[in-house]
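Spelled out from the first residue to the last, the chains are:
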Amino acid sequence: MSLERRYQREFVRTFFTTPTAVEGEDDSAKMLRSAVQLRGMQAPDVWVPDNEDATAPNMRDEGVENIVDVISEHGADFPGEIHPRIVWHRDDPTTRYQGFQHMLENADPSNGAIEHIDGFVIPEVGDIDDWKKADEFLTIVESEYGLEEGSLSMSVIVESGEAELAMGDLREEIGKPANNLERLFLLVDGEVDYTKDMRAMTPTGELPAWPELRHNTSRGASAAGLIAVDGPYDDIRDVEGYHARMEDNRAKGMTGIWSLTPGQVVEANRSPLPPKIGSWIMEVDGQEIELEGSEDRQVLDTDAVSLQETDEGSYSLQIGDDERRLDEDELQEELTDRVSYIPSLDDIVDSMEEFEAAKESGKGAIAVTQATTVVIDDVEIDISKERMWDEATYQAAQTPITLFQDVYEHRPDQHEELEETYGIDIVERAMNVG
Amino acid sequence: MSLERRYQREFVRTFFTTPTAVEGEDDSAKMLRSAVQLRGMQAPDVWVPDNEDATAPNMRDEGVENIVDVISEHGADFPGEIHPRIVWHRDDPTTRYQGFQHMLENADPSNGAIEHIDGFVIPEVGDIDDWKKADEFLTIVESEYGLEEGSLSMSVIVESGEAELAMGDLREEIGKPANNLERLFLLVDGEVDYTKDMRAMTPTGELPAWPELRHNTSRGASAAGLIAVDGPYDDIRDVEGYHARMEDNRAKGMTGIWSLTPGQVVEANRSPLPPKIGSWIMEVDGQEIELEGSEDRQVLDTDAVSLQETDEGSYSLQIGDDERRLDEDELQEELTDRVSYIPSLDDIVDSMEEFEAAKESGKGAIAVTQATTVVIDDVEIDISKERMWDEATYQAAQTPITLFQDVYEHRPDQHEELEETYGIDIVERAMNVG
Amino acid sequence: MSLERRYQREFVRTFFTTPTAVEGEDDSAKMLRSAVQLRGMQAPDVWVPDNEDATAPNMRDEGVENIVDVISEHGADFPGEIHPRIVWHRDDPTTRYQGFQHMLENADPSNGAIEHIDGFVIPEVGDIDDWKKADEFLTIVESEYGLEEGSLSMSVIVESGEAELAMGDLREEIGKPANNLERLFLLVDGEVDYTKDMRAMTPTGELPAWPELRHNTSRGASAAGLIAVDGPYDDIRDVEGYHARMEDNRAKGMTGIWSLTPGQVVEANRSPLPPKIGSWIMEVDGQEIELEGSEDRQVLDTDAVSLQETDEGSYSLQIGDDERRLDEDELQEELTDRVSYIPSLDDIVDSMEEFEAAKESGKGAIAVTQATTVVIDDVEIDISKERMWDEATYQAAQTPITLFQDVYEHRPDQHEELEETYGIDIVERAMNVG
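Chains as they are written, first to last, in our numbering: chain A, 1 to 434; chain B, 1 to 434; chain C, 1 to 434.
No lab work stands behind these hints, which were simulated from the structure alone. Just so you know, not all the hints are guaranteed correct.
Which copy is meant is left open, so a pair is good if it fits within one copy or across any two.
[What the hints assert, rightly or not] Below 25 Å or equal to it, Euclidean Cα-Cα: the simulated DSS-like pairs (lysine-lysine) are:
no.	residue 1	residue 2
1	K359	K30
2	K276	K385
3	K363	K385
4	K30	K363
Just so we're clear, the structure is a prediction, and the values are computed from it rather than from any experiment.
Go ahead and model the full structure; you've got the sequences and the hints to work with.
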């Protein structure tokens, strides 16, 4: 038997934290109250009332009360899952005991919140033995209040070298009779504290990109049937940077990301979904430039590339400082190599349906062709790219569709926006393929 | 005692898969029959009749018969090793049992193929305990047919997060009395299924580069005395990209790569061998440009760099957008820093012989000098690069020579091409150094 | 209880090796005698009389005598720590026994050197069980000479795949009753031999960058309370390259680096300390260009960027081949995104003091603003960057200050140079903050 995901969601796009108690406001729970009422693309897949770093230490007892108040009142209507973050530290038993008490308070059925709480987020975990301490407290909480053992999920923030190493042991630790680690749900990177723990420094104080940590988190999630989520992206104004980070994460198998504002939630909810319209990109000096598409013509408009027909069938192509003379075939080949197609949701569904039909009729592979006319400096070149789809390609291509289906199934509040974006027809076909 | 490689080959350059049964052909074994007759640079170091993904599920029983037919008839003459891939899946006992049956059939001595089969390739492995299940079946096969225990080698395709993690445990698992994991031979990455297993996505559907996976595979091979092989490179037309990938792999210690066509086999057999002729490259804006060499002059011909002598001994050097005024010494230093020499097989043998002689006479280090005249826009500058060779440099430089010797020893069918390429003198010296 | 660093230094910037015996000199200990008398920025944090690779095999017995002579005479005055490297090999018991004998000789109290020796460096280690063999020899040495158990530290050179894997096991092995691995101090990468062990090849023979190895070393150090040090940088002339490597290392949490010459020691001692003067950099085509600062104006002088005011409030900004028309707000935003500030020691101390005061008064976060006027082609644009500092930012920013304090505390011989560089006021404030 393989390790199966034991929770409802297959994917989590967004992990949105909210301070639980803010000093100096009339209502210290104001931000919680505002967040719990988010709907649609502004509402995260996982909402995290954050009683740890986002809340001042002297406000955290009040924070627990606020969580209980707000969730008992509004939790039933919240469209995503709810996972409060409590305090914890691998090196400090006092903090761990405080976290235990906060969980007991949050989960007390007489407070009326626990039926809407899906689990807890444990920060600053260390070795796997430290993870087990948090798991044990959750087991006691469940036992104390008559909840089913393992019904509260546990997510951890990976923000130390030892927690990174612990992710390599999950598969053999989950399922041991003395723990309930099957309750694990999200592995979330916390790069600020990780940077401190690793004692890393950059000249500007910017966070390192930590590609190996993100790989190891994604791999740990994959091996143990969990979901990997990247940490906060501090520069809230920098939407382009946030998208670039998410694209890099997805190439590592890390679909989710932390969001600090409802604006970031919207971007992060949308980013992993396939585009409405397919587009062509061209690689120029290591950068990707998007072509301007209209019907079947794709215009490249950049000073970095110029193209001229010097004689009949003879071309001069300049890319950056590099100039080349090419005949028509060579030009076609060069451009075909440099351009790529980003398929739309529609395109992906088409290819999958086509492959499914082929399989039904006994074929193991189909050729998927993308053709267009590329226009550079008014010179037009027809190009055509072909890709073989076999069972493995089909299954790898399925990931964005499985994601789409997971979102559609669990987030009815986003149906309207999805249908407006893609059109009802495509949405229906996407829900039926695969 | 350290873990020693237990098999004959020290290096495997090429891992070439062939479908075992193709529907709709007169002879469903046609591709096998064609592949088994490859010779010289077209023949791989390891040939893999592929009864898994390359063959349609409903053709796989016929595939096993074809493997037996073709190998019993032609296997004795095949110049590389033969390792059929059978079906297997960490999550599916039915598939594992089917794989066992196929191995029994392949290995039955009355079928006459097993004496030419070196081992089996097991795809889709999971934890190390899953690897042990395949190992146990091989032990039973050996016992059943009176073969020496451990005589059939086992190679695995690493295409899941748990298999990646398992590679960290090999050293302590190999050699335990209850298994015969000493039979392990190749660790082969399978990036298509790995991408699916990690649920990774890229906009264009292109595979992620997975540098960490390849590092971990190479490290796992190094620590356990095995050989690391990279997965298939799908874009068969893109020879340049295939070579770039192989160069990147070699810098990670991964010498071998999957080949999908005899054309790719040729490229992958040749790529890790040192060049016949040394050459100079220059780094310009993060890219490497090869200089055009003739005798002792190396001409740089690119629009990205221009050089003028403005006054006697005073120069203007423009690289990309960056222009600098330099005197002769500064110019020499700048160019010396930017150019590098790619040594030929001849050069490497020379340096090794020189170091061996020095060591014999009691010296621990020698200086290896490479000098040339660089020509840019008709301006000529003499440059000279010196490198210290000590015992460690010597041993690191030995890797391409050890590879060359391994190829020459085990692939007599490639002697002619090697001697044509390098000349018989260099080949002989390369076989005697180190 | 978490794993605490058990040794005095929190950081080690420099690991400087010196041959112990050079043939053909009047005094074979000449280099040792010269190195032990280094002071100030030329003296390393850790000095390593190298009786392994830097010393010819036939000179190593003499090398041990030289170590004893030189350290007994000069060791008391050496400002850094002293850690001789002895011979060792995971695959060769003869070499290990020789290393044991050399340690016994070095540590014999009647030789008068051991009171100045802080520990030993063990090269070529393998599995954790191999590390334990060296640890056991050190325990015997301590027992034999009545030294406190665990008082001699042990540093290892990680130069094999199995040693890289062993770093993942340190946390659970340190503290087991049957070993004294708490004596571990430095994890030092040895990329030349690692490259050989991994059988990696590059066209020019240059070493691969091995980012994953360095990450794993840094993580291993972080998880076990040790210090990570990068291996030698061979191209001694290439000061710029050495600094780039150190900056890359620090972003991985690896603060220290090997030094081969006193010149490299100076660079490596200074490199991790914050600059005296803050500066602005701008990202252009993936490269960082430093602006020329004077008062509150920062001039960008590069042909790669040009800026013109085309009409009142309308601008044309060209970066590389990319030209854009922007209004004043867009221009300001674009430049704000592209420039970054590298804070000086003074700036970091200021921000930390400000945050500490805010925390005292009950605030959990402050905004730190950096403003300047950027000048491109005589056009002036005011920009202002703001960053939130909370507890986590504060703690991450503390790393360079902790480093500074560690250096100041343990290296009185560098006080004069530090005070000359930064001024006595800043040095005092830096020693009192945090």
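To see whether the hints hold, each was checked on the structure:
1. In this assembly of identical chains, K359 and K30 lie within 25 Å of each other by CA distance solely across copies; the values are 23 Å between and 55 Å within a copy.
2. When the C-alpha separation of K276 and K385 is checked against a cutoff of 25 Å, the pair qualifies only within one copy, where the shortest distance is 21 Å, while the shortest distance between copies is 35 Å.
3. For the identical chains of this complex, K363 and K385 are intra-copy neighbours only, at 21 Å inside a copy versus 58 Å across copies, given an alpha-carbon limit of 25 Å.
4. Taking the shortest alpha-carbon separations for K30 and K363, only the inter-copy value of 18 Å comes in at or below 25 Å, while the best intra-copy value is 59 Å.
This entry satisfies every hint, going by the numbered hints stated previously.
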